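Q: Each residue of the sequence shown is one higher than the last, beginning at 1 in the numbering used here.
Careful, some of the hints might be misleading.
To be verified - If you anchor each label on the Cβ, the simulated ranges turn out as follows:
id, residue 1, residue 2, range
1, Asn97, Asn57, 33 to 43 Å
2, Asn72, Ala24, 27 to 37 Å
3, Asp100, Arg80, 12 to 22 Å
4, Lys115, Thr71, 29 to 39 Å
5, Gly96, Asn57, 31 to 41 Å
6, Asn57, Ala99, 11 to 21 Å
No lab work stands behind these hints: they were computed from the structure.
Please read all numbers here as calculations on a predicted model, not as lab measurements.
From the three backbone atoms N, C-alpha and C, an ideal C-beta is built for every residue, glycine too.
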Amino acid sequence: VQHHEAELYVLGNVILLLVEDYAAIRISLEISLTEAGFRVLTAANGNDAISELNKPNNNLSGLITDIQLGTNEDGWDVARRARELNPSLPIVYMTGNSADAWEANGVPNSSLVQKPFVDAQIIVAISALPNAASEQPQG
Numbered sequence: 001v002q003h004h005e006a007e008l009y010v011l012g013n014v015i016l017l018l019v020e021d022y023a024a025i026r027i028s029l030e031i032s033l034t035e036a037g038f039r040v041l042t043a044a045n046g047n048d049a050i051s052e053l054n055k056p057n058n059n060l061s062g063l064i065t066d067i068q069l070g071t072n073e074d075g076w077d078v079a080r081r082a083r084e085l086n087p088s089l090p091i092v093y094m095t096g097n098s099a100d101a102w103e104a105n106g107v108p109n110s111s112l113v114q115k116p117f118v119d120a121q122i123i124v125a126i127s128a129l130p131n132a133a134s135e136q137p138q139g
């Protein structure tokens, strides 16, 4: 079964995990992603994100994560854990100052959006990654 990009917004079953420690950015992106037709789970730090990833049957279709998340696990760690659980999960990194480390630390077939950005850039980035529209929940 092939899914076209336009169907991404109609299906309503595309669940994204958004990880951002700065509340204003997290809230703004959550609203924009929801308005674009995504279902959004949020985490304010790496520990909470990894806890969400580790839940059985989380049915995530994509991960959007800031890289610097304060203490403990950073966005690199979150993405690596996500890919351990689902090797084809679409991942978008957001960063203000870690773009130069993406090649060394980022997971393969991911995308990076430099801050500052407009929310639409994140929507385009996650939609453009392979499997974003056709990812099947893994149980």
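Q: Could you run down the list of hints and mark each one as holding or not?
A: Against the structure, the hints:
no.	hint	in the structure
1	Asn97 with Asn57: 33 to 43 Å	36 Å, holds
2	Asn72 with Ala24: 27 to 37 Å	22 Å, violated
3	Asp100 with Arg80: 12 to 22 Å	18 Å, holds
4	Lys115 with Thr71: 29 to 39 Å	20 Å, violated
5	Gly96 with Asn57: 31 to 41 Å	34 Å, holds
6	Asn57 with Ala99: 11 to 21 Å	34 Å, violated
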